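Following the hints, put chain B in place on chain A, whose structure we already have.
So the sequences go chain by chain: A and B. Mapping of the first sequence onto this note's numbering: residues 678 to 1011, in sequence order. Mapping of the second sequence onto this note's numbering: residues 678 to 1011, in sequence order.
No wet-lab data here; the hints were simulated from the structure. Be a bit skeptical, because a hint or two may be false.
Heads up, the list lumps identical chains together, so a pair's fine if it works in one copy or across two of them.
[What the hints assert, rightly or not] Straight-line Cα separation of at most 20 Å, SDA-like style, residue types lysine to any residue; simulated pairs:
1. Lys959 / Val851
2. Lys874 / Leu763
3. Lys809 / Leu821
4. Lys809 / Ser824
5. Lys765 / Glu845
6. Lys874 / Ser824
7. Lys765 / Arg866
Since the structure is predicted, the reported quantities are computational estimates derived from the model, not experimental observations.
2 protein chains.
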Amino acid sequence: RHAGELHLQLRRRLFFSHRDLDWILDMYEAGRKFVLYTGRGPSGPVHIGHLVPWIFTKYLQDAFDAKLYFQMTDDEKFLVNPDFTLDKTRRLAYDNALDVIAVGFDAKKTKIIMDVEDADIIYKIAIRVAKKITFSTIRAVFGLNESSNIGIIFFPAVQAVPCFIESELTGENVPCLIPAAIDQDPYWRVTRDVAPKLGYLKPAQIHCKFLPGLGKGGKMSASLPETCIFTTDSPEDVDRKIWNAFTGGRPTVKEQKMHGGDPTICPIYYYDHYLFEDDDRKIKEIYMKCRSGDLLCGEHKTMLSEKIKKFLKEHQKRREKAKDLLDEFLFKNR
Amino acid sequence: RHAGELHLQLRRRLFFSHRDLDWILDMYEAGRKFVLYTGRGPSGPVHIGHLVPWIFTKYLQDAFDAKLYFQMTDDEKFLVNPDFTLDKTRRLAYDNALDVIAVGFDAKKTKIIMDVEDADIIYKIAIRVAKKITFSTIRAVFGLNESSNIGIIFFPAVQAVPCFIESELTGENVPCLIPAAIDQDPYWRVTRDVAPKLGYLKPAQIHCKFLPGLGKGGKMSASLPETCIFTTDSPEDVDRKIWNAFTGGRPTVKEQKMHGGDPTICPIYYYDHYLFEDDDRKIKEIYMKCRSGDLLCGEHKTMLSEKIKKFLKEHQKRREKAKDLLDEFLFKNR
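The following block holds chain A by itself, in its conformation from the complex:
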C-alpha cells in the first residue's frame, strides 16, 4: 500500500507470513522511519535461493527509504562446523558480501556487519541481551543440549544485536523490520521476548519460503551443488543444471501432449513464478500451457535458462564492481 505496486514476491506469496508488519507500516505512515535487518551465514558460495530475501529487502529499502543492517554471522558458521577455521568463515563472509552488494543496495543506507570483526560493538549489546536469556530457553527454542559448545549457546544474543544497533547508536528507539527466510523465526521469537526488558521496541518480521532445488523436492541447498544455481555459475553450468533438473513433466513427449504437466511440483515453473517472470499475464499463460501439454519441459527449460543466464550476467557484472565498493559498505568503516 506504500510502494505503488506490490512486489512480485509479495504477489506470488513467496513472502507469506509476518509479525507486526501492520504496526510498523502504521508507524511509518505516522512519520516514523524504521531500519531493515537481514543477514547471511557464510558457510559457502551464494546461490539464487539466498538472493530471494535480499532482493525483497532491496525493494523495501527503496520503497521506504530505509537504512539496512546486513549481518554476516561468520562466528556462528565457525562455531557449528567442526572443520571450519575463523580464516575460512572470514573469507566466505567477504566473498558473500560481494553478492549482497551486487543485489543493488544503496551504499549510503547499508551497513554490512561482520560479527567477528565488529565484535567491539556487537559484544557490548550482546551481553545485555544474553543477561535476559537462560539456557533453558535456548535449549527449548533451538534444540541445543548438554553437548552444545558454549559459543553457539551464546550466539542467539549476537544474532539479536542488529535489531537494536540503530537505537543504540542514535539513542532513539528505532523500529526494526526483518525480512528473512522462515527458518530464522526462532531467533526473533527470543529477541522479541527480550526487547522490552531492555527498553527496545520488538522487531517486526516478514518471512519468505525457501526456493526449491533443481532435484525432486527439498530446498535449494549448496550441499547439493548440481541442484543449485550459484551466483558465479557460468552459462554452461546453468544450461547443464537446468537441463538435468527434475520437472513436473510426463515420462514421454506423447504423454505430456496428451495429459499436460504439473507445474505445482516443478522447480522450473517455480523459478519463473517467484523470480524470473514478473509479468502476471505471462506467468498465467506458462501455467496454462504446461497444464494443457502445449509447453514441453525442454522448451520451458531453454526459456528459463536464457532468463537465468541474462540475470546472472548482470549480477556477475555488479558483483565484480562490488569489489571496489566493499569498503563503503562495511560497518567497521562507518
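Structure of chain B alone, referenced to chain A:
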C-alpha cells in the same frame, strides 16, 4: 631460586600451591620468556585483600622481566549482578585500574584488558576457546544450570583469552603463568584442557589464599565494609576499623598477660605475617610476644594501624598519579 630471595608471600606460604610452576621455571632457565596474567572482577572498590596477588605479580614481573596481561572482567560482573549496568561495571573497571597501576607495574610491560572495550580481540579468541567447551563441562565445573544466563555460560571462554593473547599477537607459542587467588582455579582447569586443542601451551598457575577479614572468620569481603581496609580509606577509617577488629586475644588484659593470645586466629597477626612485616626475625618476635602475653591486642593494633596508614598513604599517592598513566596501560591503546 631465580629472584635472589624468596618473596615474603612465598616464604610465609600465602602462595601455597601451584601447577606447572617448575616447568615454566625450567623453560625460563632454558631462555624462554613467559607472560604473566592476572585480573580483577570490578564489582566494587579495591581492598588490601585484592592487592595480595597483584603485589606478588609485580614481584614476578620484576624478577622475570615478564610482560603482564591484566584482565578487567567487567562483562562477568555485569552478567552476574542483576542490578549492575554496563556503565557501572565500566566505571568500576576504570576506578580499579588505578589501584592496579598504583601497585607499581612497569608501564612498558603491562597491558590492562577491559573485556567489553577490548571485545574486538577478545571475542575472536574466545569463540575459538568456546568451540571446545560444552555446556556440561561448564555446569559441572562452575555449578551453572538451566536458569543461568547464556552470557555467563559463555564467559569462561572470555576469561581464558589472556592466556593465549601473547601467542595470538606474536604468532609464537608463549608460556603463561597465572598468579591468582585459589577460587579462580576452576577457570584454569578448563583452560588447560582446551589449550592443546588450540595448539597452545597449558597455562601454569600459582595460587594464593585469601586474606582474612577484620571480623571473626571469613575472607576480607567488600560486602562487609567495616571488616575491610579499602585502598581509599582515610587514616581515621583505618584506625577505627583496626580498633574494632576481632583478634586472638583474651577477654581481659589480666587473662591475656597470664595465658597469652592466639595469633593463629588473629587477622591483626595475619596482616603483619602476610603483608606488613617483611622482617622474619621481627614477625617471629611478634608471634612469641603475643603467645606469651607480652604483646597486648591494643598495642599490636596500634602498631599495625601505623603500618597500614603508611602503606595506604604511599598507595594513594601512586593511585593519584595513576590517573595520568592510565592511557599508557590500556590494551586498547597498544
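Status of each hint after checking the structure:
For the identical chains of this complex, Lys959 and Val851 are neighbours neither inside a copy (41 Å) nor across copies (68 Å), given an alpha-carbon limit of 20 Å. In this assembly of identical chains, the alpha carbons of Lys874 and Leu763 lie at most 20 Å apart only when taken from different copies (15 Å versus 33 Å within one copy). In this assembly of identical chains, Lys809 and Leu821 lie within 20 Å of each other by CA distance both inside one copy and across copies; the values are 17 Å within and 15 Å between. Taking the closest pair of Cα atoms, Lys809 and Ser824 come within 20 Å of each other only across two copies (10 Å); inside a single copy the shortest separation is 22 Å, beyond that limit.
Taking identical chains as interchangeable, the C-alpha atoms of Lys765 and Glu845 lie at most 20 Å apart only when they sit on different chains, with a minimum of 17 Å there against 30 Å within one chain. In this assembly of identical chains, the alpha carbons of Lys874 and Ser824 lie at most 20 Å apart only when taken from different copies (17 Å versus 29 Å within one copy). For a Cα distance limit of 20 Å, the shortest separation of Lys765 from Arg866 qualifies neither inside one copy, at 30 Å, nor across copies, at 29 Å.
Consistency note: the structure conflicts with the earlier hints numbered 1, 7.
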